[in-house]
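The numbering used here puts the first residue of the sequence shown at 36, with every later residue one more than the last.
Keep in mind the hints are simulated off the structure, nothing from the lab. A portion of the hints provided could be inaccurate.
[Unchecked claim] In silico BS3-like pairs for lysine-lysine, Cα to Cα no more than 27 Å straight-line:
#1 Lys66 <-> Lys123
#2 Lys59 <-> Lys242
#3 Lys126 <-> Lys269
#4 Lys266 <-> Lys123
#5 Lys266 <-> Lys242
#6 Lys242 <-> Lys127
#7 Lys213 <-> Lys242
#8 Lys189 <-> Lys126
#9 Lys127 <-> Lys214
#10 Lys123 <-> Lys213
#11 Lys126 <-> Lys242
#12 Lys242 <-> Lys123
#13 Lys213 <-> Lys59
#14 Lys126 <-> Lys213
#15 Lys269 <-> Lys242
#16 Lys66 <-> Lys242
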Amino acid sequence: MTYVIIHALTPIFVIMLLGFWAGKAKMVDNKNVSLLNIFVMDFALPAALFSATARTPWSGIVDQWSLIVVLTLSMWIAYGAIYLISTKVFKKSAQDSAVLTLTVALPNFAALGLPILGSVFGSSSSTSLAVAVSIACGSVLMTPFCLLILEREKSRAAGTIQGNGLSLLPVLMWRSLKKPIVLGPLLGVILSAIGIHVPALVLHAIKPMGIAATGAALFLTGVILSARTLKINKTVIVACLTKNLIQPFIAWGLIIAFGISPSVAVTAILMIALSAGFFGVVFGNRFGVQSPDAEATLLLSSALSIITLPLFISMTSGMIH
Numbered sequence: 036m037t038y039v040i041i042h043a044l045t046p047i048f049v050i051m052l053l054g055f056w057a058g059k060a061k062m063v064d065n066k067n068v069s070l071l072n073i074f075v076m077d078f079a080l081p082a083a084l085f086s087a088t089a090r091t092p093w094s095g096i097v098d099q100w101s102l103i104v105v106l107t108l109s110m111w112i113a114y115g116a117i118y119l120i121s122t123k124v125f126k127k128s129a130q131d132s133a134v135l136t137l138t139v140a141l142p143n144f145a146a147l148g149l150p151i152l153g154s155v156f157g158s159s160s161s162t163s164l165a166v167a168v169s170i171a172c173g174s175v176l177m178t179p180f181c182l183l184i185l186e187r188e189k190s191r192a193a194g195t196i197q198g199n200g201l202s203l204l205p206v207l208m209w210r211s212l213k214k215p216i217v218l219g220p221l222l223g224v225i226l227s228a229i230g231i232h233v234p235a236l237v238l239h240a241i242k243p244m245g246i247a248a249t250g251a252a253l254f255l256t257g258v259i260l261s262a263r264t265l266k267i268n269k270t271v272i273v274a275c276l277t278k279n280l281i282q283p284f285i286a287w288g289l290i291i292a293f294g295i296s297p298s299v300a301v302t303a304i305l306m307i308a309l310s311a312g313f314f315g316v317v318f319g320n321r322f323g324v325q326s327p328d329a330e331a332t333l334l335l336s337s338a339l340s341i342i343t344l345p346l347f348i349s350m351t352s353g354m355i356h
C-alpha cells in the first residue's frame, strides 16, 4: 500500500521539482508567472473541472449526498478553524490566511483521488464518480470562500469598494462567480442538474486542456516555490497536523454522527485524508499574494501523507470487510 501511495505522489513531486528547477535555472521567470497563471486558472483547470462535473450524471451526484455532506462539512470546519487560528493567534493577514486555509482545507482530489481510491476499491465507474463529486464539492463549495476574501482585500486596497459585512457579499459573490475557476465546474453541475448533455465533440475539444491542467498547475507551483525560501514554523506545523490528522478525524466524527454506510465512510475519510492541494498557492499568486506558510504546508503535507495515508487506509480497512 505504501508503494501505491508513493507511486501516486511521485508525479506531484517530480513535476513540482521540474518547475522548481526551471525557475531556479531562469528558464522561466519565477518573479513573473502571470501568463502561466492565466493559462492554469482561466483555461486549463476550468476546462478540467467543467468536464468532470458536466459528465457526472445528476442522479449519481444526488446518490452521493452523504459523501457530499461529509466532505463539505469537513472542509468548512477545517477552513474556519485554520482561518481563525491564522488571523487571531498567528496574526497573519486576511489574504495570507485565505491562501493558507484553502491549502489546508481542500485536499488534492484532482491529482490523488483516483490513484488512492482505485488502490482500495479498484478502478470502477463508482470510484470515478466519487472522485468527480469530490472535485465538484471542492471547486464549487470551497474555492469561493478564498476568492471572496482575496477579492475583498484587493478591492479595499484599491479603494474600489467600501463597507463591511453582509453589504459587500453580493458584489463579492458576483465577482467570484465570474471567475472561470468557479464558473467552469458550476456550469457543469447546472447542466447536469437540468439534464443537458454536453456534446461529445465539445468535451473532446477541451479534453487536451483538461489533461494539461494538473501538470501545468503543479509545474506552476514549482516555479512559484523556486522564488521563495521555505521555512517550517508553528503555523506550518499546525496547518500540517490539521490537514493530515485532524481533518480526517473530523470526517470520521461526522460519519459516526450521521450513521453513514461503511463504503461511503471509507471513501469520505480517505478523500479528506489526502495531502494538501495546490489551489491555494495558485490562487494567491493570481492575486499577487505570497504565502510562504501555505507553500511550506503544501510540500510538508505531501511528504507526510506517505505516512498518514497508509495509517488511515489501515484504520478503515475493517469497515469494508
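Consistency of the hints with the structure:
With a C-alpha separation of about 30 Å, the suggested pairing of Lys66 with Lys123 is violated against the 27 Å cut-off. With a C-alpha separation of about 31 Å, the suggested pairing of Lys59 with Lys242 is violated against the 27 Å cut-off. Note on Lys126 and Lys269: the hinted pairing holds, with a Cα-Cα distance of about 12 Å set against a maximum of 27 Å. Our distance criterion of 27 Å between C-alpha atoms is met by Lys266 and Lys123, whose separation comes to about 21 Å.
Note on Lys266 and Lys242: the hinted pairing is violated, with a Cα-Cα distance of about 38 Å set against a maximum of 27 Å. Taking the CA atoms of Lys242 and Lys127, the gap is about 39 Å. The hint is violated against a cut of 27 Å. Restraint check for Lys213 and Lys242: satisfied, since their Cα atoms lie roughly 22 Å apart, inside the 27 Å limit. Between Lys189 and Lys126 the alpha-carbon distance is near 19 Å, which keeps this suggested pair within the 27 Å criterion.
A threshold of 27 Å between alpha carbons decides the hint, and for Lys127 with Lys214 the separation of about 25 Å falls inside it, so the pair holds. For a cut-off of 27 Å, the pair hint linking Lys123 to Lys213 is broken: about 31 Å separates their Cα positions. Proximity of Lys126 to Lys242 is assessed by CA-CA distance (about 43 Å); at most 27 Å being required, the pair is judged violated. Among the hinted pairs, Lys242 with Lys123 is inconsistent with the structure: their alpha-carbon atoms are about 43 Å apart, more than 27 Å.
About 34 Å separates the Cα atoms of Lys213 and Lys59, which puts this hinted pair outside 27 Å; it is violated. Of the supplied pair hints, the one linking Lys126 and Lys213 is violated, its CA atoms being roughly 31 Å apart against a limit of 27 Å. About 41 Å separates the Cα atoms of Lys269 and Lys242, which puts this hinted pair outside 27 Å; it is violated. For the hint linking Lys66 to Lys242, the alpha-carbon distance of about 30 Å lies beyond 27 Å, and the restraint is violated.
Hint violations for this structure: numbers 1, 2, 5, 6, 10, 11, 12, 13, 14, 15, 16, all remaining hints satisfied.
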